[in-house]
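Keeping the supplied structure of chain F fixed, place chain G upon it in accordance with the hints.
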Amino acid sequence: MKVGLRLFLSSGAFAIVIAVVYWLLAREPAGTILLGFLAFALSFIAGYMIVAEREADLWGDDAQAKNTEAVGEVVGTYSVRSPLPIVSAAALTCVGLGLVVSPTIAVMGIIAIFALGALFIVQSS
Amino acid sequence: MTTARATLARQPRADLLSWITTTDHKRIGILYLTTSLVYFGVAGLLALAIRTQLARPANDFVGVHTYAQLFTLHGTAMIFLFVAPFALGLANFLLPLQIGAPDMAFPRLNATSYWMFLFGGLVIFAGAATNEGAAATGWTAYAPLSEIKISTGLGQDLWIVGVFIVSVATILTSINFITTVFVYRAPGMTMWRIPIFAWEMVATSLLIFMAFPALAADLLLLFVDRNFGGHAFDPAYGGSALLWQHLFWFFGHPEVYVMILPYFGVISEIIPVFSRKPIFGYTGIVLAAFAIAGLSMGVWAHHMFTTGAVDDPFFSFMSFLIAVPTGVKFFDWIATMWGGSISFETPMLFALGFLVNFLLGGITGVMIASPPIDFQAHQSYFIVAHMHYVLGGGSLFAIFAALFFWWPKMFGRKLREGLGAWSFWLLFIGFNVTFLPMHFMGLEGMPRRVYTYDATGVLPLLNAIATAGSYLMAIGVLVFLWNVVVSAFDRTPVGDDPWEANSLEWATTSPPPEYNFDRLPPIRSDRPVFDARHPERDPSAVR
Numbered sequence: 001m002k003v004g005l006r007l008f009l010s011s012g013a014f015a016i017v018i019a020v021v022y023w024l025l026a027r028e029p030a031g032t033i034l035l036g037f038l039a040f041a042l043s044f045i046a047g048y049m050i051v052a053e054r055e056a057d058l059w060g061d062d063a064q065a066k067n068t069e070a071v072g073e074v075v076g077t078y079s080v081r082s083p084l085p086i087v088s089a090a091a092l093t094c095v096g097l098g099l100v101v102s103p104t105i106a107v108m109g110i111i112a113i114f115a116l117g118a119l120f121i122v123q124s125s
Numbered sequence: 126m127t128t129a130r131a132t133l134a135r136q137p138r139a140d141l142l143s144w145i146t147t148t149d150h151k152r153i154g155i156l157y158l159t160t161s162l163v164y165f166g167v168a169g170l171l172a173l174a175i176r177t178q179l180a181r182p183a184n185d186f187v188g189v190h191t192y193a194q195l196f197t198l199h200g201t202a203m204i205f206l207f208v209a210p211f212a213l214g215l216a217n218f219l220l221p222l223q224i225g226a227p228d229m230a231f232p233r234l235n236a237t238s239y240w241m242f243l244f245g246g247l248v249i250f251a252g253a254a255t256n257e258g259a260a261a262t263g264w265t266a267y268a269p270l271s272e273i274k275i276s277t278g279l280g281q282d283l284w285i286v287g288v289f290i291v292s293v294a295t296i297l298t299s300i301n302f303i304t305t306v307f308v309y310r311a312p313g314m315t316m317w318r319i320p321i322f323a324w325e326m327v328a329t330s331l332l333i334f335m336a337f338p339a340l341a342a343d344l345l346l347l348f349v350d351r352n353f354g355g356h357a358f359d360p361a362y363g364g365s366a367l368l369w370q371h372l373f374w375f376f377g378h379p380e381v382y383v384m385i386l387p388y389f390g391v392i393s394e395i396i397p398v399f400s401r402k403p404i405f406g407y408t409g410i411v412l413a414a415f416a417i418a419g420l421s422m423g424v425w426a427h428h429m430f431t432t433g434a435v436d437d438p439f440f441s442f443m444s445f446l447i448a449v450p451t452g453v454k455f456f457d458w459i460a461t462m463w464g465g466s467i468s469f470e471t472p473m474l475f476a477l478g479f480l481v482n483f484l485l486g487g488i489t490g491v492m493i494a495s496p497p498i499d500f501q502a503h504q505s506y507f508i509v510a511h512m513h514y515v516l517g518g519g520s521l522f523a524i525f526a527a528l529f530f531w532w533p534k535m536f537g538r539k540l541r542e543g544l545g546a547w548s549f550w551l552l553f554i555g556f557n558v559t560f561l562p563m564h565f566m567g568l569e570g571m572p573r574r575v576y577t578y579d580a581t582g583v584l585p586l587l588n589a590i591a592t593a594g595s596y597l598m599a600i601g602v603l604v605f606l607w608n609v610v611v612s613a614f615d616r617t618p619v620g621d622d623p624w625e626a627n628s629l630e631w632a633t634t635s636p637p638p639e640y641n642f643d644r645l646p647p648i649r650s651d652r653p654v655f656d657a658r659h660p661e662r663d664p665s666a667v668r
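So the protein sequences, as listed, match chains F and G. Position 52 of the first sequence, counting from 1, maps to 52 under this note's numbering, and the rest follow consecutively. Position 312 of the second sequence, counting from 1, maps to 437 under this note's numbering, and the rest follow consecutively.
One chain only, chain G, in its complex shape:
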């Protein structure tokens, strides 16, 4: 039954050196996940500091320059060091298991990517130790604000170098993912039988490959401008400040989908398991992922409507179009649950939370795809609310869903359901208390990234509510950490397939052995583990 033989060079070890030098995709995946969660913790503390400063008007919890550094590092860490890398870590752990491969196509390149990600993040944060502090230009680092004439400190240069290293690492990882899925599938695991998470990672990798080189080029130009007398973004010398925005958003908008497509995959794995039904519309969900990926390459300048220098109808039309494949996915998830035997274990709770929050974020996204509305909402807290509903309410809830769902496979023990439910409700209520009021702050005219605000009107009340919500979220995260500690002492064996799931990773032991599988079940559909549990059913009737 074994598919193939991989030559075992050395026996696995468990000491620190073996982790530092590992090329095993599962260990690299866990390293990625752990590191990105640590960065999430840091970015979360920065967010709490931001919300504390804004808890009441004219507050002096932090200084003005420190505040600018806080929101810059918060945004940078959440986007470049947490949401996207967490997906890379999850895919590192899961992809070879899901397609029946012994490892990634390029294990050493895989490990190199991880270490570049870790070091790149440290370089970004190293700016905080310099005399003038860390970068303070926001995660978008718009030129000319980020040029040497205005941002004179080393922190901005370290930010450029750190983000560049992380972006190169991400490109290398995407090449690894695509090659692994295309070439290393087990016998019978045709492309139309791979799990939807694997498909979403192929679409994500394609997006990374298409979008991240623009960011790398943008950063290089800025670095040359700042350190070697370049003038790429200086209109006085024939450069163009808008060029930064074009290059940045050519990367930046697809990056939004790099941060959400993997989590569409997570949701597509979890909902069928806890609905006791096969996924509805497998092909439609896959094609929708590639439609989203393709269309997202043609919407970048909807972030630039207010410059007056872009083709508003083109970018508005393309942005509206993305709602169609996204809607296809939503209806497929709803149809999967429809008539199913739904159970509300913690992964399903977080998946449902994802659906609610992401729907709200998606609707406001459609609103601001319309230039007249965007002109009103641009650079206001309405945008802050929108992006947090997509990336916080969407991706973050899917991240917790993934942690609870695949934790038994990674560590051989379950996280506790009771504590999981507490985490979910604290995070769900806390999230909506924090970010729902921000829509109204934006409509009241509160600009994003401001240090303080008008003491009259409703802004003080709305900000106080948002700050209280952020503390509630922090408690939810602490409960999750406590759950991790408690589960570490739980020695109850969890079994290979505690959820009675469908895809191939549940066919091996928890945690999986070196090179993943001692034996593989026959693969005759997109649910090989389900087929193995139900030999009476004829899988030839499906793909």
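Chain F on its own, in the form it takes in the complex:
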């Protein structure tokens, strides 16, 4: 995680420098705002990672870690298959398609998204 943190910190710092230099040289608002948002987003993630880093204790960060030390550790429950992805992608596509072709299709897509959200919450709880 330390490498990841350094990555986002340096990327954020680079974006800030570029945004300032660009504004000083070009005085052009669209590009400056885009670079400014970029700097903010990268800095925000870096800030989050500083907090997350405190709790992170990853086997992958330990150069001397042995596989045997991690035997039996539960890393999560993985469902081999789920109908949710294809249905939710279809629902999202219906919303976009409906905005072009027919509002009815868009409404059906929105209803499907809410239904899937409810199903997901029920499954998770």
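Think of the hints as simulated: they come from the structure by calculation, not from any bench. Misleading hints may appear alongside valid ones.
[As the list claims (entries may be wrong)] Which bits of chain G does chain F cover? Going by a derived footprint, with three or more residues having C-beta under 8 Å, they are:
#1 147 to 156
#2 281 to 288
#3 305 to 315
#4 397 to 405
#5 417 to 429
#6 525 to 539
[Unchecked claim] Chain F side only, calculated, beta carbon under 10 Å to chain G, not exhaustive:
#7 Gly31
#8 Asp62
#9 Thr104
#10 Phe114
#11 Ala115
#12 Val122
The beta-carbon is built from N, C-alpha and C at its ideal position, and this holds for glycine as well.
Quick look at chain G alone, frame taken from chain F:
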């Protein structure tokens, strides 16, 4: 030796429903690869139609409006539905295997991204079924050309929606990749031991995360302009047509690196294996990837030099700078081969083809980073040649290299070497016969995206040569398809590690089992499989 235990919810199945509902990263990877290759086939047929139209002047193979739709769908499919998604598919299959993880961090999100990519592509092509046909504004869809006053058909709206869906799917995938690599590495697999392909995918994911939101915002603004009375790009109402270009190229130039960085990773995996040497300059290659990613965020307006409304020196300087880290990679690849025991199996042939073609594309890229040259070459066939040398000669050759290299791991059997060599030479010769003349067409003043051209001078000859080359490339692709069919009937077991490679995916079976590894070798360097083959060697001397 097993690293960790993942709870097996259900046993894997092999029927159609199990593929549709799968959340296994390997299957999703294969779905991505297959779908993107189908889109490549369609986009390739569109390209053949374009080249047939241009085979001779004043040709009437297709109509003017159809021609505009052809080059729009060709560019859109190649960029949004093939070159970049193929890399996502490859990374889907490989990343967890290379870092010793049981799956991606968010398997269901991963599957959702794939289906959004598939559906988004279908929505883009659905425009062709509407009364006024598909979008016809080029893959760049410049406003005001793409505004409702000029492009009145539903096809343009479907293009906007389809590309938007694909871009959101790509952003979700990038978050998945970054999280997986940062958090799910096996014991001992420190960040400085992960394969270079994994590093390149981290850089690519970072680029996607930084660049694609600008595209999504651009598309939303255009959609509002067209359907809800917005005026974001209409100067008559206080909007700005240049705003489209700023937002589009803020995404568009990094997108070029989204389409090439993963393939730098592919080449960095293949060259050491077939040179029988460790990669030269691991750290330099990794840092160069992030230098390219960072610099690429500050070069977008070199596509806008001729507008006269951007800071030419700033963007020119930044564009020139990118050549430095790219050169670092090139020298590292050459140094890897230097003194190595090189063998010329098909993946290596395609990797060498990549080096030659990408070098030519890179050099013309440096040329047009200079505003005086860009003013001459802008919107000409010189630009068409440049971008195809980067994305066709570069990415496409790396894609074939990847297919031949990892095919045994994916399917447990090899593609045939003889047919592979035929594919390579047909594609390599065909590619250069097609696109090398386009430099000269551009210098002769032939604009891009034109339906016909002047019958006098050298343009008819150059266009005829380019068209012949495109047919040669098509034959090369057909030979590859035949190779796939032939290999499907080949039951010869290929073994876990047929190339005697280095990274962790070669430590498991071909194809890998559910959750990837029954057992992992100790990870004490960036070449754990090599270390396992050579226990006499002390890996503690390296990273």
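Right, here's what the structure says about each hint:
no.: 1; hint: 147 to 156; verdict: holds (count 3)
no.: 2; hint: 281 to 288; verdict: holds (count 4)
no.: 3; hint: 305 to 315; verdict: holds (count 9)
no.: 4; hint: 397 to 405; verdict: violated (count 0)
no.: 5; hint: 417 to 429; verdict: holds (count 5)
no.: 6; hint: 525 to 539; verdict: violated (count 0)
no.: 7; hint: Gly31; verdict: holds, 6 Å
no.: 8; hint: Asp62; verdict: holds, 7 Å
no.: 9; hint: Thr104; verdict: violated, 16 Å
no.: 10; hint: Phe114; verdict: violated, 16 Å
no.: 11; hint: Ala115; verdict: violated, 15 Å
no.: 12; hint: Val122; verdict: violated, 15 Å
When each numbered hint is compared with the structure, violations occur for hints 4, 6, 9, 10, 11, 12.
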